[in-house]
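Colleague: Sequence:
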Amino acid sequence: MPFFRFHFVDESRLAEVGSEMTDRLQEAIGCPRDHIVVENVHSSFIDGGEVKATNGWPFVEVDYFPRPREVQERVARVLYESLKDAGYPNSDIHFRYLQPENYYENGEALG
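Sequential numbering from 0 applies to the sequence shown in numbering that gives the first Met the number 0.
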């Protein structure tokens with residue numbers, strides 16, 4: 000962990016930049032590479048019971064343990080630049096912070 004969930008991003012485009020992006024995220028965060036989880040979420044916008052769009056504004060949800068603001072800004076820059084390289088000049092990134100006492104590995108709380 001940390002988790003990076005991409006919405007409205009073409010899977011093949013994400014795969015093209017995925018290896019370099021993961022290298023850069025590892026460096027920015029300072030965690031082992033195999034802890035980084037990249038997920039591409041197939042998303043649709045629903046309005047009034049109707050599917051309105053299946054290709055929307057790209058955004059990334061980041062779930063990780065709190066880190067200093069400088070780390071967050073480096074991570075945001077890596078994600079933005081990676082999406083730009085994949086052909087998405089505009090994107091949003093949202094950070095959510097996990098708390099160790101609410102995170103379990105193999106049934107055991109980390110905090």
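Hints listed in this document are in silico derivations from the structure and should not be mistaken for laboratory results. Keep in mind that a hint or two might mislead.
Ranges between beta-carbon positions, derived for each pair [unchecked claim]:
#1 G48 to D9: 21 to 31 Å
#2 D46 to E69: 15 to 25 Å
#3 F94 to T53: 39 to 49 Å
#4 G48 to Q25: 14 to 24 Å
#5 V70 to E19: 15 to 25 Å
#6 N101 to E49: 16 to 26 Å
#7 N54 to E107: 21 to 31 Å
#8 T53 to P31: 15 to 25 Å
#9 G29 to V50: 17 to 27 Å
#10 I45 to F94: 19 to 29 Å
From the three backbone atoms N, C-alpha and C, an ideal C-beta is built for every residue, glycine too.
Colleague: It remains to establish, for every hint, whether it holds in the given structure.
Modeller: Hints, one by one, checked against the model:
The hinted window of 21 to 31 Å between G48 and D9 holds, with their beta carbons roughly 27 Å apart. The given range of 15 to 25 Å is broken by D46 and E69, whose C-beta atoms sit roughly 38 Å from each other. With their beta carbons about 25 Å apart, F94 and T53 fall outside the hinted range of 39 to 49 Å. Restraint check, G48 to Q25: a C-beta distance of roughly 42 Å breaks the suggested window 14 to 24 Å.
Between V70 and E19, the C-beta spacing of about 19 Å keeps the proposed range 15 to 25 Å intact. For N101 and E49, the Cβ-Cβ distance of about 36 Å falls outside the hinted range of 16 to 26 Å, so the restraint is violated. With their beta carbons about 41 Å apart, N54 and E107 fall outside the hinted range of 21 to 31 Å. In this structure, T53 and P31 break the distance hint of 15 to 25 Å, their C-beta atoms being roughly 35 Å apart.
At about 41 Å, the CB distance of G29 to V50 disagrees with the hint of 17 to 27 Å. For the hinted restraint 19 to 29 Å between I45 and F94, the CB-CB distance of approximately 25 Å keeps it satisfied.
This entry does not satisfy hints 2, 3, 4, 6, 7, 8 and 9, going by the numbered hints stated previously.
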